[in-house]
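K.L.:
Note that the protein sequences, when read in sequence, are chains A and B. Under our numbering, the first residue of the first sequence is numbered 14, with each subsequent residue one higher. Under our numbering, the first residue of the second sequence is numbered 28, with each subsequent residue one higher.
Just so you know, the hints here were simulated from the structure itself, not pulled from any lab data. There may be inaccurate statements among the hints.
[What the hints assert, rightly or not] Below, a sample of chain B positions facing chain A; criterion: calculated Cβ distance under 8 Å:
#, residue
1, H104
2, A146
3, G153
Just so you know, even glycine gets a beta-carbon here, dropped at the ideal spot from N, CA and C.
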Amino acid sequence: MLALTILFDGIIYASWLFIVALGLTLIFGVLKILNIAHGSFYAVGAYVTASFVSWSVGAGMSPAWSLLFMLLAALAVSLLLAPLVERLLLRSFYGRDEVLLVLVTYALFLILEDVTKLIWGAVPYYVTEPYMLFGVLDIGLMSYVGYDFVLIGFAIVCGLGVWWGLNRTRTGKIVLAVIHSNEIAASMGINVAKVCTLAFMFGIFLASLAGALTSPMISVQPGLASGVIIVSFAVVIIGGLGSIEGAAIGAVIVGLARALAVHTWPAAELFSIYIAMAIVLMFRPEGLFHRIQARKI
Amino acid sequence: MTNSLKKTLLIGTALTVLFLAAGLAMPKWLLFLSTMALSHGLVSLGIVLLMRIGVVSFGQGFVFAVGGYASAMAANHLGITDAFLMVLIGGGAAVLCALPFAPLLSRYRGIFFAMLTLAISMVLYGILVKTEALGGSDGFNVSRPTLFGQSIASEQSNWLLYSVAVLVVGVLATLARIYVDSVRGLVSLAIRENELRVEYLGASVSQAVALNYLLASFMGGVGGALTLMSLGHIEPNFAYWTTSGEFVFVAILAGHHSMLAVFVGSFVVEVVRSFSNLYFPNTWQLAMGLFLLVVIRFLPLGLGSLWTNRRKKKTTGQEGGSA
């Protein structure tokens, strides 16, 4: 019974984490940037949703509308904020040392951290109305909220959708070409700058969508971004940077490790994730799904 | 004694004396600020040693916290309150705790090294937050250290702690410069350029990475102990990843050419932090972020490049810097 509870909790946690990590790994693949600010976009998505939903519920609209508002919030963040960041900031640093790029996004994280505090203040927001939209499911002795299962389904759809989009469409093939070698892609006539902008926007869309979807389950407050980014780093490192399958398996490993700790040894919640990551890296130094690369002599 | 060694020792001593003398003229707030800059700068100096070999640790908060907690516990439980002993305990404890990770970490490069060190520091953070015996997330207080068996009077404490920091940092920075100019230190730069070639020439790359990591750990631990002594308080935030991020920031700001630049950079950051704390208390992170972006954009090789590059042009492309 306990095993089943751990399994469900782990998978539920893994579902939204996968959506965040998918965006992170995609941005790394195309732009070669490990984006620390990814967690900030997650937080912005959650904040915008919280504002929309509390406004709509206040205006007497049914909570079902909030699902639409979640999508709108994610779209707003990815269509307004993401291109601004990519065009004005990241573009001038492409091709520099990858650790330096991490630091650029760290600066962006610091900036967004304060900007969200300026706009939404330091008080936590609670928007629990949409959480009960899909009722409650009884499995054995435990009750689960239907919303959680919808989230799992949605994460699977996201993963399959992105995989299909990359591997089975013309646009996807172009993105894969850029991931593989942006110089050769450019010489074949691909507009690499445009692909980078679009990939970044799509990655941010996933991050803010995950923020929007999870906002009913959590209290939306400062400090959200730094917690999320640290966990999603663990996910993409376990899976191998730039790999979609890796992000999925990494999210499940992290989710299960965390659920196992929560139910058996609560004090270990925070570091169970990193211990799982350390164990994986000990056997697979570059993550589970890392492409083999030639060494330069 | 070779000429370059003599020169290093001379510059190191001169700078230490200069800083000690400057302390006499500083107001209290500036003394505290400079002590913080020196002790944080020491952690960043460790990162600079790692940067010379081509890796960056995003988890120096780990050794920083170990050093701080070890010296704090030595003071509270063992009654060891001498400032210099506490510094040694901090550094030693950090090396001991880093030792088991060194062989593991030496296999990783680039983003993986950064993320693995970050993971280690976050594990420690997780443990510290949950350990009630160490005060949990609130941490605990430590009374003011003593100096050679004498207790420090409160009106002199800022100046004395500053002097301790200057002496410790002076010695370690000079030693770091000597190490950097030694054969082992120069192998680090070769590894940064191309580690496979260095292996073929017969040097052990992983040993060099492990050694640099342990040296960086010692400096981090000492920095943690120094910080603890002037704050009088320690908390798990010492190990949080944003703390480590700031250390990396200072290291990047300084660049890896000059030891002095690290402390100049650290001082600049402390000044920016306390001024923005004072004038825009709610947006100091915003100010730090913008400052960081400006530095990366306009000073890609770091502050040190402002004075080492100029000399390099004179002396035909030699790697060089000041002590």
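K.L.:
Could you run down the list of hints and mark each one as holding or not?
P.N.:
The hints, checked one at a time:
no.	hint	in the structure
1	H104	22 Å, violated
2	A146	4 Å, holds
3	G153	3 Å, holds
Figure legend: structure checked against the earlier numbered hints; the only hint not met is number 1.
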